[in-house]
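Heads up: the sequence lines are chains A, B and C, in that order. FYI, this note's numbering numbers position 378 of the first sequence as 378, with every residue one higher than the one before it. FYI, this note's numbering numbers position 73 of the second sequence as 1073, with every residue one higher than the one before it. FYI, this note's numbering numbers position 141 of the third sequence as 2141, with every residue one higher than the one before it.
These aren't lab readings, by the way, just hints derived from the structure by calculation. Certain hints may be false.
Mimicking BS3-like on lysine-lysine, the simulated pairs with C-alpha atoms at most 25 Å apart in a straight line are [claimed, not checked]:
| no. | chain 1 | residue 1 | chain 2 | residue 2 |
| --- | --- | --- | --- | --- |
| 1 | A | 376 | B | 1133 |
| 2 | B | 1381 | A | 374 |
| 3 | A | 374 | B | 1090 |
| 4 | A | 310 | B | 1063 |
| 5 | B | 1090 | A | 376 |
| 6 | A | 265 | A | 279 |
| 7 | A | 331 | C | 2100 |
| 8 | A | 193 | B | 1090 |
| 9 | A | 376 | B | 1126 |
| 10 | B | 1133 | A | 374 |
| 11 | A | 19 | A | 31 |
| 12 | B | 1383 | B | 1370 |
| 13 | A | 10 | A | 186 |
| 14 | B | 1133 | A | 331 |
| 15 | A | 186 | C | 2033 |
| 16 | B | 1126 | A | 374 |
| 17 | B | 1420 | B | 1387 |
| 18 | A | 282 | A | 265 |
| 19 | A | 76 | C | 2020 |
Now the stretches of chain C that chain A is said to cover, found in silico as 3 or more residues with beta-carbon under 8 Å [said to hold, decoys possible]:
| no. | stretch |
| --- | --- |
| 20 | 2003–2012 |
| 21 | 2128–2139 |
This structure is a prediction, so every number in the text was calculated from the model and none was measured. Glycine is no exception: its CB is placed at the ideal position from the N, C-alpha and C atoms.
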Amino acid sequence: MAEETLVLFKNIRNPKYDKSLAGYKRSGGFKSLKKVFGMKPEEVVQEVKESGLRGRGGAGFPTGLKWSFMAKGTGKPSYLIANADESEPGTCKDRELMLKDPHLFLEGLMISSYAIGCHHAYVYVRGEFFPAIKTLNAAVGELYADGLLGTNPLGSGFKLDITIHTGAGAYICGEESALLDSLEGKRGQPRVKPPFPAVSGFNGCPTSVNNVETLACIPFILSDGGAEAFKSFGPQNNSGTHLVSLSGHVNCPGVYELRMDVSMKDIIYDIGGGIRDGKKLKGVIPGGSSSPVMKADEVDVLYNFDDLAKIGTMLGSAAMMVFDEGTDIVKLLHRITRFYAHESCGQCTPCREGTHWSSQIIQDFLRGNGSDEKLKRLYRVGGNMLGTTLCALGDAAAMPIQSFVNKFPEEFRKYYATL
Amino acid sequence: MPFFQIDGEPVEYEPGEKVLSAVLRSGKIIPHYCYHPGMSVVATCRMCLVDVIDMGNGRPAPKLQTACSLDAMEGMKVETLNQKVEEGQKLVNEFLLVNHPLDCPVCDQSGECILQDYSFKYGSGKSEMDYSKRVNGWRDIGTFVAMERNRCIQCSRCDRFTREITGTNEFGMFNRGHELTLDTYADRPMTNKFQGNMADICPVGAITEKEFRFKRRVWKLKKNYSICTGCSSGCNVTIEHDRNEVFRLKPHENQNVNKWWLCDEGRLTYRMMNERKTRIPRPLGRVEGNLEGVSWEEAYGAIVKRVKELKPFPHEVLALTDTRASNEELFLLQKLLKEGFSSDNIFCPLPKWGQSESDFFINTLITTDKTPNRAGALALKIKGDEKNAKLKKVIEGELKVVFILGNPFEAESEIKEIIKRTQLVVHLGVFHNSWGEIADVVLPGQYYSEKEGTYTNKHQRVQSTEIAIQALRRTRPEWQILAELLQSLGQTSCFDSVPQVFAAMVQEAKAFSGVSFDEIGSLGIELKNKTKDTGMKVLVKQA
Amino acid sequence: MFSEDIQAQVDNLLCRYPIKQNALIPILLLVQKENEGWLTEEWMQHVADICEVPLTHIEGVVTFYTMFRLKRPGRYHLQICTCVPCCLVGGTELLEHTEKKLEIQAGHTTDDGVFSIEEMECIGACSYAPAVIVNEDYHEQVTPEEMDKMIKELRQ
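Let the sequences and hints guide you as you build the complete structure.
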């Protein structure tokens, strides 16, 4: 029987937990921060490296390594930006952390700022998250009032400000360089890389952009023996627990904290309580809408970065969207494709034209105008966005198209074979 | 310089340079739309995809890279012709044509459209897109250009132009995704003085010059290098013409002068090249008070005869010129006075002039001196001062012979009144003007586009013009007229060509020493002995 | 142009960033909220002056982000998510139901100006789908019946 492992959700799962600063402190909060202030920043980065923490935003890049790329000695300030622009369809884990235990995340942000020498951290929250923005602002207010933010928290001599920044509705701003443009007050269009943000990020200064959940892991990793314990939670290279956003046709959708050695099957049938209305599973989109779809017979696999990569899909942001036998695959893909067409920033050619065109082709199927030729065309147009765009949105739009056509060709044919 | 390999051939690069920039400098081609050497790299059109088979560390890049944003590395091996690249180019081009109207038959850009060229060379020849295309429509967006937004391929060069080059920010990107438009917002017209450049940098026919709209297919145009004579900046241009009619001026890249740009005012100077009504079509001589057509021989003969009758002393001879004349013309006029009359009474107007100080280079291209060769006049030490004080002193004395080149002191009626009383007034000019009215002999010259010549710009760079169109049959270039006058007056020096005049000038005028005509080439050459005070004052810095 | 309270908030925002332009989006959101949920050219020009950016820049920004509106929304702006997880469990039907109920299409406002509907892409409440945001409040696992009830209550 699969069950949750509580690290990030330790407080949230406690029904008596009070998310105020006092409550967080009572539950052992800010011990790690205190400890960290006695360490050298390099030591903190080293601990994070040793914990094996990989970014939880979607790409799974090792966090400690990312921090070690930060340009030093540039004479410019360094910035840490928390990426709270959670918008990948299916993903709702960061919102949970920000709403229900803001101080855990903020402590992580503070420790991480110390580690990379950042004196003003920004939290880029998507604008639609009104309640989370309120909660975070209140929490930051508490920290200032308590002296934990500002000059010299805990007598450390370190100076740190945190600002909650609101986005205004654009999925692409979850891409780190688009996020930086947006934070600078521009249209959120991804930048040309290199230079990478670690060299030239926010206002041209060295910047690290880290996901909220990634940062929320930091206080545990920096607690006594934390890095070792974190590493011990999962298979090699897939350290720690992660938050799984489970949605779709399961009996118990929700956000669950799991180790990375739990199989998808268990997540769907144990944690999620099985498929609604006693129906059969048809497939799963395993890691946010951009990840290649899986069929029902593929779900007996460990839910982590490497095991999913092995079978040709990805963990992404750990957002599992489960759908049952009654689901219309073509409609589902149309909805996904429409999403990417709506969210493409439009600056680069394959994505601007490809997302819209492929959405038009799928609509043709829905209107009964499908054909073998169009199915081939759909596959080709989708594939042409793969690896040819400036940022990963082209790939994100291409992967579902190709995987849906590959895995459910008969569903498309159903739309025109009877004619 | 370090180098990398492109299709097996070495290409040198400057440290920090991008692959595309180095390749283009070497003269090779990688197709591209959004990249422009004068503006920031956005890497959004995705046309310049290349295959990096060795990143300089022995490993290949995992996928195709855009050459415009790819850092050149020592030992890097790049392929631009293999199948992978061809497929990449083909797919990008297909996407670009998905919403392009393909209205080439009615598009002014047709024939010089990069999308057209690349589609032909790298595209697939057919499209599988069978839905209706995006429609955005035509817009009048400024004084000089119009926009057919359907043709736009969203390369954002125009957006970057008003942000990075003019700083006027009139253009922007609006909406997003499939609906992304580049435009002025809500029909607001542009006001910058450099809109024509946006038509130049637009790789397709989305932004076109209103002035050129539907006038001529571009493949019919013949092109000649020249200099814009609209002000003292001396921007390099090509004069584009067909059947002896000039249709437009386009900037010609010269990093030392105008970079890639040309102002709209300069572009419009092409109109004068087609002007016929006010042209002086043939030599004129005053017969019983009226100007009547005469032959060149009659005109020269009359002048020589009159000079011999008058026998003027050096101080009784005067030449006035404007600073629109070429170096050679100024030099020969000076020579005519010196050798024909032992006089150095040659004057030109030299008012103060200025240009704006600006953070944006392009603003410095427009100066208040609307003549192309003031610096040449200064270099030849032609006399003059801000208030024409010296000239006024000279004309207080008795004058017998006056030569007028062009249209100098056009607003100085006082000077004209005095000169009117002179016994022999010879006017050399292209257009009828008030000097012609008081002249005894009028000798018709030729316009810039019709003759060779060199001009010295505000930075004292000597640049040359080519003959672009044929002049009126009975006109002659002023340098030739002056040379013929010299001969008629019995001087032995004989000049048959502009380079010959230039060579004499190098010998005789100190400012031009050490410069040769051949060195001017297409980029010009700076004078070695520069005039220190060119009368420039910096105008107020533009916001 | 701003009330004292808003001016104070704007000033506070401006001092949280290294350069004024950085505060552009939060300030625009603040202004929009004050101006009954939409932006006018007059306001955009004012913000352009404050943030020291050209008006064109603001227009580019405003048309890029979905939360900025250039026409007045209803007093209650119903933002119904129909993105993947929501559409799996009835988001699309909820939108259609609401459109029928209010007799307007998404993107429009009722004649009395009380309600407007917007079809949303993922609003990040996927495990609690289908989700709706009314002005600034999240409503989760919303059924058509609950929507009817909500509309009725809001109308009063």
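Residue 186 of chain A paired with residue 2033 of chain C [C-alpha distance capped at 25 Å]: holds (20 Å)
Regarding the pair residue 376 of chain A and residue 1133 of chain B, is the alpha-carbon distance no greater than 25 Å? holds (21 Å)
Would the hint linking residue 310 of chain A and residue 1063 of chain B be met if the CA-CA limit is 25 Å? holds (20 Å)
Taking 25 Å as the top limit, are the C-alpha atoms of residue 1381 of chain B and residue 374 of chain A close enough? violated (77 Å)
Would the hint linking residue 265 of chain A and residue 279 of chain A be met if the CA-CA limit is 25 Å? holds (15 Å)
If you draw a straight line from the CA of residue 1133 of chain B to the CA of residue 374 of chain A, is it 25 Å or shorter? holds (18 Å)
Need the status of pair residue 1383 of chain B, residue 1370 of chain B: alpha-carbon distance at most 25 Å? Holds. Residue 1383 of chain B to residue 1370 of chain B sits at ~19 Å (cutoff 25 Å).
Hey, residue 331 of chain A versus residue 2100 of chain C, does the alpha-carbon distance stay inside 25 Å? holds (21 Å)
Could you grab the alpha-carbon distance between residue 282 of chain A and residue 265 of chain A and see if it respects the 25 Å cut-off? This hinted pair holds, its Cα atoms lying about 13 Å apart.
Residue 1126 of chain B and residue 374 of chain A: Cα distance at most 25 Å? Status holds; Cα separation ~16 Å.
Given the hinted pair residue 10 of chain A and residue 186 of chain A, is their Cα-Cα distance within 25 Å? violated (38 Å)
Can the restraint linking residue 1133 of chain B and residue 331 of chain A be considered satisfied, given a maximum Cα separation of 25 Å? Roughly 23 Å separates the two Cα atoms, so the pair holds.
The structure does not agree with the numbered hints 2, 13, 20 stated previously, though it agrees with the rest.
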